[in-house]
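Engineer: The chain contents come next:
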Amino acid sequence: MAMKTEPFVVNIGPQHPSTHGVFRMRLTLDGERIIDADMVIGYLHRSMEKLAEERSYTQNIPFTDRTDYVAAMTGNLAYVLAVEKLCGIEPPERAQWLRVIMSELQRFASHLMAVGVFANDCGTWQTPVMHMFREREKILDLFEMACGARLTTNYMRIGGVSRDVPPEFMPAAHKVIEELPKRMDEYENLLLENEIIIARSRGIGVLTPEVAIDCSLSGPMLRGSGVAWDIRKADPYCVYDKLEFDICVGTDGDAYDRFLVRLAEMRQSIHIVEQCLEMMPEGPVHSQITTATAQPGGAPSAPLAIRVPAGEAYGRIESPRGELGYYIVSDGGPAPYRFHIRSPSYINLTPLRDLAIGTTVADAIVILGSIDIIVGEIDR
Amino acid sequence: MPVLAKWYDLRDLGNAVGAFLDWIRDLGGPDWIPYVVSGLIGIVAILLWLLVSQLAFIWIERRVIGRMQARIGPNRVGPWGLLQPIADALKLLLKEAITNRYADKPLFWLGPVLIFIPALVVFAVIPFGEGMSLADLNVGVLFVIAITSINAIAIFISGWASNNKFALLGSMRAIAMLISYELVQAFALLGVVIFAGSMRLGDIVAWQSEFNTWMFLLQPLALVAFLIASAVEINRSPMDISEAESEIVAGYHTEYSGIKFGFFYAAEYFAAFAVSGVVVTLFLGGWTAWGLEEWVPGWLIFLSKLYLVFFLFIWTRGTLPRLRIDQLMAFSWKFLLELLFIHILVVGAQVLIWHEGDYPAEVVLPIFAVINWTLAVALIVGWATFMGHLSPERRAKRAVLTQELGAIYYRPADGHGDRPTRPLEEA
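Protein chains in written order, with numbering that gives the first Met the number 0: chain X, 0 to 379; chain R, 0 to 426.
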């Protein structure tokens, strides 16, 4: 005799230990198995895109810290690239190198979080994430040295960066960069080789390259599926074309591969920063346009208000989570006419429903962890 | 209870108790009074010890895990944070114990109470030292297995009564796990019983002492299986599936707060001490340590071994990720049980040969140890290979590094051989 059973709905989030913020999954469960999944977003909506239309171009830079609050530097960079494209400003050489150093350090820090939290989602009791935080702290110390802030850096400026790095930055950066490869060995041995992490993540949430491309995924999500695609190579910005690094791809497209790609990319980031520290020239860190408008006697800095020629521009970079794009439309006024963010976290969520259905609750958490969402970027 | 030595001979706390009971007997009165008093003394002693150990180990665990996690751990309350457990306990006592409006109130109340019982009662049969067990049952091992299963009922009661979906999922998982690992536990202990020829825990310790060996040297596989099954039983990582924090918030005790949650928290420690005690008694020679017990009180030896085993549980918690429920169940039914079947067969045959052939133990036991260790390693590796756990799909790998923009390195799950590399347009 069959027992009468019925599916029940569980809300994973918005208050839940592993939704990475205030993301909510409405799972319809049959026992442990997921038969339907519904994504609910909007709990962190701050109306940034609309607010940005009321503020001057320079005033908008802090907004970009707060979209992807785990990777503020790359957010800054994508935005200023878009505005520079619109203005036709070419930042000085040193500023370009500094931007690359900062965004690669930021990528490392952000991937540390992603990897640590993924291990947490696989059920480790906080240990990897705590170790990751130890390393992340060192990078945040470097940021603090460079711009005074650790999380919401607000470092990039239209036409350069806010200030040159202090003299003690270079030795400190060298020291950090020397330490990190040893840590990476440790993490790869402890996490990639871990039998339980393999059992939990291999073959879970498999994304074929076709689906990944159709969902217009980017970043480690796309590369985990084996597609060698990286904006740093495809559309080099700053000085990435002068640097040597590899694209890291997976072969199976599962949660483990996305995790793997992040760990491999961290090594590449170290390698890039090493090269940058070697090759970075001396010189100004602001373009002529911005220094010309600086206060007499004051430190050269970007003006609070600039008028950008009418037109539109799309600046895109490879942020830790994928292709981060800022689409700016200007009508020649002091503020952007339209300010749109192509946020990778949001677009990377697209396949989550399909990946989650048919798996179990435990797998859904692992899949969500492997996507590495930042809710601030999803909701803006 | 006979007085073995002077009451102040701390090698056996039973001396002091015996002296005290003699004093009561000398006062006159009915015969049952010393009997009841001796029981009460044992109960109070065990409770006090548990409470103190638990408070100490809350602190130790948090500090140790702090070290493992490259942080400091509690260090604010009292010197080195030593008073932190007391502060925690006070906080739990003072907090409101909220009862969910739709909870089944009697059962909701019963759950935290019931969960205490098995963890406490197990200690009745565990010998802390020579003659230092509250009730030296002749079916001690059976009693241990029977009592620890009550855990499952308590967990299910609290999960069901909470009327919370996470709690229900947690208790579902707990029941499934505990049923599967009950068998593993029983089979692991069966080997020990076959060797020692007794179910009385005191006798098993005496057996290990007599032959100057510890049971885990003879039966490594049984120890491994029992440790894993115990970790499941007490919800310790990597088997903390029924209270998986990252998945189902807190599992069966999601809805509990205040001291009711404290009960679960404490019971988890008590249960961990209980299984550590069983492991020490059955596999690690109990209160004996190759003659050391002549010089050091046996109960001290027992406790230090117990704390070492408990440390193992802390260590796994600080290190390992969590398995999925179906993987854990498969591990029980498809892996451990099969190995234990073979193990029991081999151990049974060994005992048969030993007793029938009347060989001296000094010759036979080392041979058995070597055979069983080899067998354990061979079985684990062989069975893992047979089950495909060593296939490339289950092994670690590294990312492919490439310069070729737009190439696709995806290897379909059914594909073999080299990875096809296709230009992006064809995808």
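Hints were generated in silico from the structure; no laboratory data involved. Mixed in with the good hints, there may be bad ones.
[To be verified] Heads up, simulated SDA-like pairs for lysine to any residue below, C-alpha to C-alpha not over 25 Å straight-line:
no., chain 1, residue 1, chain 2, residue 2
1, X, 181, R, 65
2, X, 84, X, 232
3, R, 164, R, 61
4, X, 3, R, 325
5, R, 396, X, 184
6, R, 164, R, 95
7, R, 94, R, 61
8, X, 137, X, 184
9, R, 104, R, 65
10, X, 241, X, 129
11, X, 137, R, 104
12, R, 94, R, 66
13, X, 241, X, 315
14, X, 241, X, 283
15, R, 396, X, 188
16, X, 137, R, 94
17, X, 232, X, 339
18, X, 174, R, 66
19, X, 174, X, 135
20, R, 164, R, 109
21, X, 181, R, 315
22, R, 164, X, 241
23, R, 396, X, 244
24, R, 333, X, 198
25, X, 232, X, 202
26, X, 181, R, 400
27, R, 396, X, 192
28, R, 396, X, 202
Engineer: Does each hint hold? Answer for all of them.
Structural biologist: Hint by hint, here is what the structure shows:
no.: 1; hint: X/181 <-> R/65; in the structure: holds, 22 Å
no.: 2; hint: X/84 <-> X/232; in the structure: holds, 19 Å
no.: 3; hint: R/164 <-> R/61; in the structure: violated, 30 Å
no.: 4; hint: X/3 <-> R/325; in the structure: holds, 23 Å
no.: 5; hint: R/396 <-> X/184; in the structure: holds, 14 Å
no.: 6; hint: R/164 <-> R/95; in the structure: holds, 22 Å
no.: 7; hint: R/94 <-> R/61; in the structure: holds, 22 Å
no.: 8; hint: X/137 <-> X/184; in the structure: holds, 17 Å
no.: 9; hint: R/104 <-> R/65; in the structure: violated, 37 Å
no.: 10; hint: X/241 <-> X/129; in the structure: violated, 35 Å
no.: 11; hint: X/137 <-> R/104; in the structure: violated, 51 Å
no.: 12; hint: R/94 <-> R/66; in the structure: violated, 29 Å
no.: 13; hint: X/241 <-> X/315; in the structure: holds, 18 Å
no.: 14; hint: X/241 <-> X/283; in the structure: holds, 20 Å
no.: 15; hint: R/396 <-> X/188; in the structure: holds, 11 Å
no.: 16; hint: X/137 <-> R/94; in the structure: violated, 39 Å
no.: 17; hint: X/232 <-> X/339; in the structure: holds, 24 Å
no.: 18; hint: X/174 <-> R/66; in the structure: holds, 24 Å
no.: 19; hint: X/174 <-> X/135; in the structure: holds, 14 Å
no.: 20; hint: R/164 <-> R/109; in the structure: holds, 19 Å
no.: 21; hint: X/181 <-> R/315; in the structure: holds, 24 Å
no.: 22; hint: R/164 <-> X/241; in the structure: violated, 55 Å
no.: 23; hint: R/396 <-> X/244; in the structure: holds, 20 Å
no.: 24; hint: R/333 <-> X/198; in the structure: holds, 15 Å
no.: 25; hint: X/232 <-> X/202; in the structure: violated, 29 Å
no.: 26; hint: X/181 <-> R/400; in the structure: holds, 20 Å
no.: 27; hint: R/396 <-> X/192; in the structure: holds, 8 Å
no.: 28; hint: R/396 <-> X/202; in the structure: holds, 13 Å
Consistency with the previously given hints fails for numbers 3, 9, 10, 11, 12, 16, 22 and 25, ordered from lowest to highest.
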